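Undergrad: Starting from the known structure of chain A, fit chain V onto it as the hints suggest.
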Amino acid sequence: MNRFARLIDGLVFTPSRNGKVRLLQDWFATVPDPDRGWALAALTDGLSFAGAKPGVIRTLVLDRVDPVLFGWSYDYVGDLAETVSLIWPARPGPNAPPTLSDVVDALRAAGRSPRVPAMIAGWLDALEPSGRYALIKLITGAMRVGMSARLTKTALAEWGGRSVDEVEEVWHALEPPYADLFAWLEGRGPRPAADGRAGFRPPMLAHPLEDADIAALDPTAYRAEWKWDGIRVQVAAAAGEARLYSRTGDDIGGAFPEVVERVAFEAVLDGELLVVHDGRVAPFNDLQQRLNRKRPTAKQLREFPAQVRLYDILFDGADDIRPLPFDARRARLEAWFDRVRPAGMDLSPLVPFAGWDALAALRAGARDGAIEGLMLKRADSAYVAGRPKGPWFKWKRGPLTVDCVLMYAQRGHGKRSSFYSDYTFGTWRGDELVPVGKAYFGFTDEELARIDRWVRNNTTNRFGPVREVSPGLVFEVAFDSVHRSPRHKSGVAMRFPRIGRIRWDKPAGEADRLETLERMIVA
Amino acid sequence: MQTAFESWIHPAPPSEGGGLRVVPGGFHIDPIRPVDRAVITHGHADHARPGNASVLATPETLAIMRERYGAAAGATLQPSPYGETLRIGDVTVRLVPAGHVLGSAQVVIEHRGQRVVVSGDYKRRADPTCAPFEVVPCDLFVSEATFGLPVFRHPPADREVARLLDSVRLFPDRAQLVGVYALGKCQRVIRLLREAGWDAPIFLHGALGGLCGLYERLGVPLGPLVPATGLPRDAFKGQIVLAPPSATADRWARRLPDPVVGAASGWMRVRQRARQRGVELPMIVSDHADWDELIDTVRDVGCGTLWVTHGREEALCHVAAGMGIEARALALVGFDEEGQGETADDPGAGDAA
Chain A
2 MNRFARLIDG LVFTPSRNGK VRLLQDWFAT VPDPDRGWAL AALTDGLSFA
52 GAKPGVIRTL VLDRVDPVLF GWSYDYVGDL AETVSLIWPA RPGPNAPPTL
102 SDVVDALRAA GRSPRVPAMI AGWLDALEPS GRYALIKLIT GAMRVGMSAR
152 LTKTALAEWG GRSVDEVEEV WHALEPPYAD LFAWLEGRGP RPAADGRAGF
202 RPPMLAHPLE DADIAALDPT AYRAEWKWDG IRVQVAAAAG EARLYSRTGD
252 DIGGAFPEVV ERVAFEAVLD GELLVVHDGR VAPFNDLQQR LNRKRPTAKQ
302 LREFPAQVRL YDILFDGADD IRPLPFDARR ARLEAWFDRV RPAGMDLSPL
352 VPFAGWDALA ALRAGARDGA IEGLMLKRAD SAYVAGRPKG PWFKWKRGPL
402 TVDCVLMYAQ RGHGKRSSFY SDYTFGTWRG DELVPVGKAY FGFTDEELAR
452 IDRWVRNNTT NRFGPVREVS PGLVFEVAFD SVHRSPRHKS GVAMRFPRIG
502 RIRWDKPAGE ADRLETLERM IVA
Chain V
827 MQTAFESWIH PAPPSEGGGL RVVPGGFHID PIRPVDRAVI THGHADHARP
877 GNASVLATPE TLAIMRERYG AAAGATLQPS PYGETLRIGD VTVRLVPAGH
927 VLGSAQVVIE HRGQRVVVSG DYKRRADPTC APFEVVPCDL FVSEATFGLP
977 VFRHPPADRE VARLLDSVRL FPDRAQLVGV YALGKCQRVI RLLREAGWDA
1027 PIFLHGALGG LCGLYERLGV PLGPLVPATG LPRDAFKGQI VLAPPSATAD
1077 RWARRLPDPV VGAASGWMRV RQRARQRGVE LPMIVSDHAD WDELIDTVRD
1127 VGCGTLWVTH GREEALCHVA AGMGIEARAL ALVGFDEEGQ GETADDPGAG
1177 DAA
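If you read the protein sequences in the order shown, they are chains A and V. Per this note's numbering, residue 2 is the first one in the first sequence, and the count goes up by one each step. Per this note's numbering, residue 827 is the first one in the second sequence, and the count goes up by one each step.
Fair warning: there could be bad hints in the mix.
As the list claims (entries may be wrong) - Pulled from the structure, derived: some chain A residues nowhere near chain V, Cβ distances all over 10 Å:
no., residue
1, P258
2, L351
3, R398
4, R412
5, H414
6, V435
What the hints assert, rightly or not - Here are the in silico distance ranges between beta carbons for each label pair:
no., chain 1, residue 1, chain 2, residue 2, range
7, A, G255, V, L991, 41 to 49 Å
8, A, G142, V, G1056, 48 to 56 Å
9, V, A1157, A, R485, 26 to 34 Å
10, A, G510, V, S841, 52 to 60 Å
11, A, S486, V, P954, 38 to 46 Å
12, V, D992, A, D212, 50 to 58 Å
13, V, A1157, A, G79, 18 to 26 Å
14, A, R457, V, S841, 29 to 37 Å
15, V, R1077, A, D212, 37 to 45 Å
16, A, R457, V, A1157, 30 to 38 Å
17, A, G255, V, A1157, 30 to 38 Å
18, A, N458, V, P954, 40 to 48 Å
19, A, L302, V, P982, 49 to 57 Å
20, A, R18, V, P954, 33 to 41 Å
Stated by the list, open to error - Now the stretches of chain V that chain A is said to cover, found in silico as 3 or more residues with beta-carbon under 8 Å:
no., stretch
21, 841 to 854
22, 966 to 978
23, 1066 to 1077
24, 1087 to 1097
25, 1137 to 1150
None of these hints come from the bench; they were simulated from the model. All values reported here derive from a predicted model rather than from experimental measurement. No residue lacks a Cβ here, since even glycine has one placed at the ideal position from N, Cα and C.
One chain only, chain A, in its complex shape (with noise of 0.2 Å):
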């Protein structure tokens, strides 16, 4: 356990995500089964125990500390798991620290037996703050360490000389502790199988195209689709299971039960996820209050309903359809559609075109808001994981752009830690700057260490680490799209905001009003 907390404590306070991903692989390297393979579980949300929940955590803490200087103290540091760790009364005694084993073992045998909280009390006697730490964030299963799953499968891909898309393919088919895949990783062992399971298979992804490179494809060769704004999903049903995965892989079928709930079939399908209203699609806005939760309410399903629009079938059945060009795979997933009739699902439909003229015609006159723009897919192109150089191009919509004044500066993180950063900007409402967005990537390393000195030499307030600084700095901020938000003092929010411009000349007067944003708004 000490050298867990060590690795936890690690990953905390290293900034960089090189310096994490090299703590992570050097945990690999070092330390044996099946301790690392629990950390790794830990690290992936793989960890579940039923009888240690954050309540039997505090009602041992109270059973040994004052309530009146643990209140104060939870007050003063804000997370259950760190109070507990640095109020825990020492027991210097003769007992061993748990390993990572000792207590993943002993969790998972004794279930929701009445002799946990026990349990739990010996070790957290046993170990010190650090250790504490690791212990009540691995039990109560929210590690929280700057460290998503995916670059944790990512460090662990690097480190065995795979591809994280190999890792991901067979990731759904493991269990903690993973003996079996450091086997493969370690070339001991053969690769896991992962058929027949509702696995996620690595999603095939596209290249930006710029307007100037198009000239040089070939437009027969290509098949276009509109680019829907909603999130991209796989939906894998097999072996009478089904489970809705993100981009990344992370199971988000608990958040969108209505669409894991009407799978009534067995297949894999790329898709996007939107809220759908009455057949038309919802600002992304609406599909943002259904993200990063357990569990919607019944409020939530009935006024954000979603549904996926497919784009691509990967298997029929059994059938691992990949291989297969484009227009097979498409003419096999239209087959699929006419057969199953998916409830809760609709075809995203070709887009017939001429020439690149003609087709650009199109994007420019797409007034819906939820199509981001275009995608192009090589009608011979077999569907592979990852981002293959050629294939698939996705062709946005050209940016919006306002011209914003900069309102705050914050220091960033890292290397950039010295450097103000991340800006917050507005547009003029009556004589006033309202904050409309914030941004921290769009510029170069000079242009940034010249607003840096903008900043420092403009700073009116200082509030911890940032800066509020007098009117006088103008940005052209590209954004993909802006929304209502009651919970912005501007009531607008922006999608992707990015510095496009530094506009040095421009006086901060004649930055644009929020009305102007107002009028970008989609419905």
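TA: Chain V in isolation, oriented as in the chain A frame:
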């Protein structure tokens, strides 16, 4: 029947100088505005302020004030070594070690059979740069409570310094940049490094050199120290660089090769605090009493009354009340609890914690 302490010692409003006023002695302890007669517990900028007419303090504290404030340290400076008893007006005054930083003192005041100890800031742990805290039994104990919550329990400082040396070994191509307060923490960390066997030169931010020189002149050897200026980036690889906390995330740090940013402070006990400040190597090294030390000290001095000057007073008062001690929070203003001033060139920036 004893007189109420408040009749002769009480907090003064800021407009009258602030700090604690000792009426029959005619002086203030750690005033926040200039007064005629000040008794100063220690040299941190939130306790020792310039411009008082006459100042009584330990010789070391006066030397620190002269280093920082020059002539503004005070018109008349009266040194009083630890243990010397002085008669001032209708009280006797004695300074005894507080164990906080070099020269730090508790003020022991006796008046008509009552003994009051004003601790200033203090700690109970060993510190190679200053005299250890001395327990003086008293009727009224005036305590700080900077770390007055049971989540604050400082681990042994040598273990934290060992973690810094581990990091040096782990990252030979990076600099170790540790944020330290200029007075006390800086010199303590240097001494702890020397005791752990680190003999190499230690690189210093410009704001730290003056007080390090003073410590050496006052008999605290610190080993080879080098200003971290005018050197090529590679010169810092595998080296330890100390700077005020505010400089570790500022432009100053851009001269260092991919530094591992550390900070030596009791606040590093709380992860979120460390993360907010971009600290990769939090070192829990504090010059303040932790929760157990606060309670032990209140018990050790055997006081019937406890006043808490600053920090998280409510928890300490709560526990003292449970021990049968009459406890009260003074909420004195002007003490810098966090020590997170932003500018690196402010001489007093961030002394506390």
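Undergrad: For A:G510 and V:S841, compare the CB-CB distance with the range 52 to 60 Å and indicate the outcome.
TA: Once the Cβ atoms are compared, 44 Å apart, the range 52 to 60 Å for V:S841 and A:G510 is violated.
Undergrad: Mind checking the hinted window 40 to 48 Å against the Cβ distance between A:N458 and V:P954?
TA: holds (43 Å)
Undergrad: In terms of Cβ atoms, is chain V entirely out of 10 Å range of A:H414?
TA: violated (6 Å)
Undergrad: Take a look at whether the Cβ-Cβ distance between A:G255 and V:A1157 falls inside 30 to 38 Å.
TA: For V:A1157 against A:G255, whose Cβ atoms are near 49 Å apart, the range 30 to 38 Å is violated.
Undergrad: For the stretch 1066 to 1077 of chain V, do at least 3 residues have a Cβ located nearer than 8 Å to some Cβ of chain A?
TA: Held - the stretch 1066 to 1077 of chain V has 3 residues with a Cβ nearer than 8 Å to chain A, which meets the minimum of three.
Undergrad: Verify the CB-CB distance for A:R18 and V:P954 against the hinted window 33 to 41 Å.
TA: Roughly 39 Å apart at Cβ, these two residues keep to the hinted range, so it holds.
Undergrad: Take a look at whether the Cβ-Cβ distance between A:L302 and V:P982 falls inside 49 to 57 Å.
TA: This hint holds: roughly 55 Å between Cβ atoms.
Undergrad: V:A1157 and A:G79, beta-carbon distance inside 18 to 26 Å?
TA: Holds, since V:A1157 and A:G79 (Cβ atoms, about 23 Å apart) stay within the stated range.
Undergrad: Does the claim that A:R398 lies outside the interface with chain V hold up, using a Cβ gap greater than 10 Å?
TA: holds (38 Å)
Undergrad: Find the nearest Cβ of chain V to the Cβ of A:L351 and say whether that gap is larger than 10 Å.
TA: holds (49 Å)
Undergrad: At a Cβ distance under 8 Å, does chain A reach at least three residues of the stretch 1087 to 1097 of chain V?
TA: n = 4 at 8 Å, threshold three: holds.
Undergrad: Please test the hint of 48 to 56 Å on the beta carbon pair from A:G142 and V:G1056.
TA: holds (52 Å)
Violated hints, in rising order: 4, 5, 9, 10, 11, 17, 21; the structure is consistent with all others.
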